[in-house]
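Colleague: Spelled out, the chains give:
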Amino acid sequence: MVVFDNISKSFGNNVVIQNLNLNIKRGQFAVLIGPSGCGKTTSLRMINRLIEPTEGTILVDEQDVSKVNPVDLRRRIGYVIQQIGLFPNMTIEQNIEVVPKLLGWPKEKRRERVRELLEMVGMNPLQYCNRYPSELSGGQQQRVGVLRALAVSPPLLLMDEPFGALDPITRETLQDEIKKLQTDLGITIVFVTHDIDEAVKLADIIILMKDGKVIQAAPPEELLSNPAGDFVREFIGKKRLRANYDVDLVREIMNAKVFTVTKSKGFAESISLMRQRNVDSLIVTDDDGKFEGVIPVEKLREIAGKKVINTIGEIQPEKITTINLNAQAREAFDTILQEKLPYLIVVDSKNKVRGLVTKTSLVKALAGAVWGDNADDE
Amino acid sequence: MMNDFLATLHSNWDRLVGAFGAHVQIALTAVAFGAMIAVPLGIALTRYPKIGQKVIAVLSILQTIPSMVMFGILLPFTGIGRPTAIIALTLYSILPILRNTYTGISDVSDSYIDAGKGMGMNGRQILFRVELPIALPVIVTGIRISSVYIISWATVATIVGGGGLGDIIFIGVARHNHAMILMGAIPASLLAITTSFIVGRIAKAVTPRGLRRERAR
Ligand SMILES: Nc1ncnc2c1ncn2[C@@H]1O[C@H](COP(=O)(O)OP(=O)(O)OP(=O)(O)O)[C@@H](O)[C@H]1O
Ligand SMILES: [Mg+2]
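In the order they appear, the protein sequences are chains A and B.
In case it helps, my numbering puts the first sequence at residues 1 to 378.
In case it helps, my numbering puts the second sequence at residues 1 to 217.
Calculated from the structure, these hints are not laboratory results.
Quick caveat, the model's predicted, so the values are computed rather than measured.
Hints may contain errors.
Unchecked claim - Quick look at which bits of chain B chain A covers, simulated, 3 or more residues with Cβ under 8 angstroms:
1. 53-63
2. 75-84
3. 108-114
Claimed, not checked - The calculated label-pair distances, taken between Cβ atoms and stated as ranges, are:
4. D5(A) x Q53(B): 40 to 50 angstroms
5. N14(A) x V55(B): 23 to 33 angstroms
6. Q53(B) x V71(A): 37 to 47 angstroms
7. V55(B) x D176(A): 46 to 56 angstroms
8. G81(B) x P106(A): 47 to 57 angstroms
9. A165(A) x P49(B): 52 to 62 angstroms
10. T194(B) x E112(A): 24 to 34 angstroms
11. S8(A) x P49(B): 36 to 46 angstroms
12. T54(A) x P40(B): 29 to 39 angstroms
Don't be surprised by glycine CBs; every beta carbon is placed ideally from N, CA and C.
With the rest of the complex left out, here is chain A:
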C-alpha cells in the first residue's frame, strides 16, 4: 500500500532521512516510532506530499505519488495531526464534511455521511452536529478529527501523534476505537507515536527509527522478543518490564528440559526413568521426536497389571492439547487455566516436542514481569 523506495530527505545540508526503505502492506497498522527528531513526521508527510523527498520514490497503491497532483492525492488520504486542527470557525458537521465538500458531494449525501460517522463513535448527531470544536472535550475533538479524516472512506490514513495531547484514560479509549475502526474498515494506517506502549498495542508492524534510518521493522512481539541491537533494547526497555506477560512468546517461558520417550523405548526402562525424574506421565514421541501423546502413570499401572508389555509403542497414548512454541505466552496461560491442565506440551511447526509450559512457568514469567527481568535469566 505504501512503499518507500530508497527515500532521502535533506533540509539544506541537514540530512534528515537517509535511504529509507519501507513496505507497508494493505490493511496493516504501521507505527513509526523513535526519538524526537528522528524523522517520523517528515516520513509521514512525504506520503501525502506535504514534504517532497530529495531522492527516491514513494508509491501509494502502486502509484508514484510524485506523478499525482498533490491536492488530489491528499483528498484520497486521510490525515490527522496532533493539534487536532479542527477549524474553530466551523461546526462539527462543517468540519467533518470538508473533504466531501471539496469533492463536490451533494448536500444530502454529506449530511448522511456526517451522521453515520458520528454514530460510529457513539456521538449523537443531534447533539453534536451544530456545536463548535471549542464546545467539545479534547477527546471528543480528536474523535471528530479522526472522523473528518475518514469522511470519504480513504483506504489510507496518516496519523501524526494523534493522541499525544490527551489524558491517559481518553487516550486508551481512542486507541481502542481506532484499532477497531481500522479492523472493521480494513484500512491501512501509518501512525506516528513517541509511546512504545501505544505502538505495541496498536501496531501490526512497528518501524523503529533513529537519525533518519530504520533500525528495526517488525511486529511488536518480534521487536520485543528479538530486539535488533542495543538501541532497540534500550528503547523498549521500560516496556519489557511492564508487559512481559502480554507479549512474550511461549518459547521464552517454556521449560525446554522436557523428558520424553520414544515409542520403541522398553517399558521397564521407561518406568524406572519416570521414577528417577519424578514425573507422573510419559510424553511419547515417534522416532523423529514428533509428538504422539501422553500416558499417565495410572494408565501405565493399570495396563501393566493386565498383560505383558515390551515397548511403550504398544500402549495407546492420550492426545492432549499442545501449543506452538511461537504462540503468545498469554495464550498458553489462558489454555492452562481454562482447560485446567497440569501442563501444556510445546511443539514446533513439525510437531516435534520442544518443551513444556507448567503453572510454574506461568508464575515465573509473571514474577519476571513484576520484577523486571526474564523468568529464565535469573
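Start from chain A and add chain B with the ligands according to the hints.
Modeller: Same frame as chain A, now just chain B with the ligands:
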C-alpha cells in the same frame, strides 16, 4: 450660553445637515477605499512574510506625515476639492486595516493551515474557508479603528475645500464663535462614537460562535 448655542443651531440647521452628510460621505468613501486596498494588500503581504514586516514599517512612517504636509504634497496633483481630501484620508485609513489584516492572518495557527493542506485544500480554499473567517474579527476591528480615526481627521478636509463638519468648526474659529465650533465638534464626536459602536457590533456578528468561546478562554 445654552440659548446661544440653540439659536446658532437653529439658524444654521441646513448648513449643519449638509456638512454632516458631506462628512459621512468623505469618511465612508475614504475607509471603503482604504479597506479595498488594505485587505488584499495585507493578505498578499502574509504570503511574503519577509517583506511584509518591512512594508508595514515603511507605511507606519508615512502615517506620521502631518496632514498639512500630505495636503501640500497632493494639492499640485489633485487641486482643491473633495477628491484631494478623500485621497489623503484614504492613505491614512490604510495602515490600521493593513496591519490588522496582516497580523490577523499571520496569527491563524499553523495547525489549521496544515490540517487544511493535508486534507487537500488548495491555497485559495485555505484562504477563504480557513484563514479569512478566523481573521475576520481582527480585520473588522482594524476597520473600526480606521473609521474612528478618519472621522476625526476628516474635519481637516475643509482646508483643501473638501467640506464636512470641519467647515463649521473653522468658521467658528474664524469668527470666535464658540457655539459654532461646538456645533461642528459635537456631531463629529458623536459620529465617531456611534460608528465605533456599530462596527464593533459587526465585528462581533462576524465572529463565529466557536471563536468567541475560544477567545474568551
Ligand atoms: N522544514 C524544516 N526545515 C529544516 N529542518 C527540518 C524541517 N522539518 C524538520 N526538520 C528537521 O528534520 C528532523 C526530523 O524532523 P521530524 O519532524 O521529522 O522529526 P520527528 O521524528 O517527527 O520528531 P518529533 O518526535 O519531535 O515530532 C529534525 O532534526 C528537524 O529539526
Ligand atoms: Mg513529529
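Colleague: Are G81(B) and P106(A) spaced within 47 to 57 angstroms by their CB atoms?
Modeller: holds, 55 angstroms
Colleague: Does 24 to 34 angstroms hold as the CB distance between T194(B) and E112(A), or does it fail?
Modeller: violated, 48 angstroms
Colleague: Can the suggested window of 46 to 56 angstroms be confirmed for the beta-carbon pair V55(B) and D176(A)?
Modeller: With a Cβ separation near 52 angstroms, V55(B) and D176(A) satisfy 46 to 56 angstroms, so the hint holds.
Colleague: Does the region 53-63 of chain B contain three or more residues whose Cβ lies closer than 8 angstroms to a Cβ of chain A?
Modeller: Coverage by chain A is violated for the region 53-63 of chain B (0 residues, Cβ < 8 angstroms).
Colleague: Mind checking the hinted window 29 to 39 angstroms against the Cβ distance between T54(A) and P40(B)?
Modeller: Once the Cβ atoms are compared, 36 angstroms apart, the range 29 to 39 angstroms for P40(B) and T54(A) holds.
Colleague: Taking the CB of D5(A) and the CB of Q53(B), does the distance hold inside 40 to 50 angstroms?
Modeller: Given about 42 angstroms between the Cβ atoms, the range holds.
Colleague: Using the Cβ atoms, figure out if Q53(B) sits within 37 to 47 angstroms of V71(A).
Modeller: Given about 30 angstroms between the Cβ atoms, the range is violated.
Colleague: For the range 52 to 62 angstroms, tell me whether the beta carbons of A165(A) and P49(B) fit it or not.
Modeller: 27 angstroms Cβ-Cβ, so the 52 to 62 angstroms window is violated.
Colleague: When I compare C-beta atoms, does the region 108-114 of chain B have three or more residues closer than 8 angstroms to chain A?
Modeller: holds (count 4)
Colleague: 36 to 46 angstroms was suggested as the range; check whether the CB atoms of S8(A) and P49(B) agree with it.
Modeller: 29 angstroms Cβ-Cβ, so the 36 to 46 angstroms window is violated.
Colleague: Per the hint of 23 to 33 angstroms, is the separation of the Cβ atoms of N14(A) and V55(B) within bounds?
Modeller: holds, 31 angstroms
Colleague: Quick one: see if chain A covers the region 75-84 of chain B, three-plus residues with Cβ-Cβ under 8 angstroms.
Modeller: Since 0 is below three, the answer is violated.
Hints 1, 2, 6, 9, 10 and 11 from the list above are not met by this structure, while the remaining hints are.
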